[in-house]
Amino acid sequence: MPGHPAVKAGARHKQNFETWLAGELSGHGVDEPRTLAREIVLLMDGAFSIMLIHRNPDYVEAAGHAAATLVRARSGSATIR
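So in this note's numbering the end of the sequence shown lands on 124, straight run, no missing numbers.
Quick caveat, the hints were computed from the structure, so don't treat them as lab data. Do not rely on the hints blindly, as some may be mistaken.
Unchecked claim - Label-pair ranges, simulated between beta-carbon atoms:
hint, residue 1, residue 2, range
1, Arg115, Lys51, 31 to 37 Å
2, Pro100, Gly70, 25 to 31 Å
3, Leu95, His47, 19 to 25 Å
4, Val103, Asn59, 17 to 23 Å
5, Val50, Ile96, 17 to 23 Å
6, His97, Gly46, 15 to 21 Å
7, Gly72, His108, 17 to 23 Å
8, Phe60, Asp101, 36 to 42 Å
9, Leu85, Ala52, 17 to 23 Å
10, Leu95, Asn59, 19 to 25 Å
What the hints assert, rightly or not - Taking lysine to aspartate or glutamate and the DMTMM-like style, the derived pairs with C-alpha atoms no more than 20 Å apart in a straight line are:
hint, residue 1, residue 2
11, Lys51, Asp88
12, Lys57, Glu75
13, Lys57, Glu67
14, Lys51, Glu75
15, Lys57, Asp88
16, Lys51, Glu67
It should be emphasised that the depicted structure is a prediction, and the values quoted were computed from it without experimental measurement. No residue lacks a Cβ here, since even glycine has one placed at the ideal position from N, Cα and C.
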């Protein structure tokens, strides 16, 4: 199944999103934007998965808070939520 067109499209989309996010983070002067983008993508993927298992959107909100904490830690900005 790894060669299935849907898997390839999904992988390409995820990589494009991660690249875009790294660019956005870099544009805002965040330290280590590529690493941070990857960490945020991992948080998102984990939150989506567990939300679907438990049918509870609170996991996505928690991942958002964790991502904001990571961004603040790399930027020194207290205005990012």
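Going down the list of hints, with the structure as the test:
| no. | hint | verdict |
| --- | --- | --- |
| 1 | Arg115 <-> Lys51: 31 to 37 Å | holds, 35 Å |
| 2 | Pro100 <-> Gly70: 25 to 31 Å | holds, 29 Å |
| 3 | Leu95 <-> His47: 19 to 25 Å | holds, 20 Å |
| 4 | Val103 <-> Asn59: 17 to 23 Å | holds, 21 Å |
| 5 | Val50 <-> Ile96: 17 to 23 Å | holds, 21 Å |
| 6 | His97 <-> Gly46: 15 to 21 Å | violated, 32 Å |
| 7 | Gly72 <-> His108: 17 to 23 Å | holds, 22 Å |
| 8 | Phe60 <-> Asp101: 36 to 42 Å | violated, 23 Å |
| 9 | Leu85 <-> Ala52: 17 to 23 Å | holds, 20 Å |
| 10 | Leu95 <-> Asn59: 19 to 25 Å | holds, 22 Å |
| 11 | Lys51 <-> Asp88 | holds, 17 Å |
| 12 | Lys57 <-> Glu75 | holds, 19 Å |
| 13 | Lys57 <-> Glu67 | holds, 15 Å |
| 14 | Lys51 <-> Glu75 | violated, 27 Å |
| 15 | Lys57 <-> Asp88 | holds, 10 Å |
| 16 | Lys51 <-> Glu67 | violated, 24 Å |
Going through the hint list in order, the structure does not satisfy hints 6, 8, 14 and 16.
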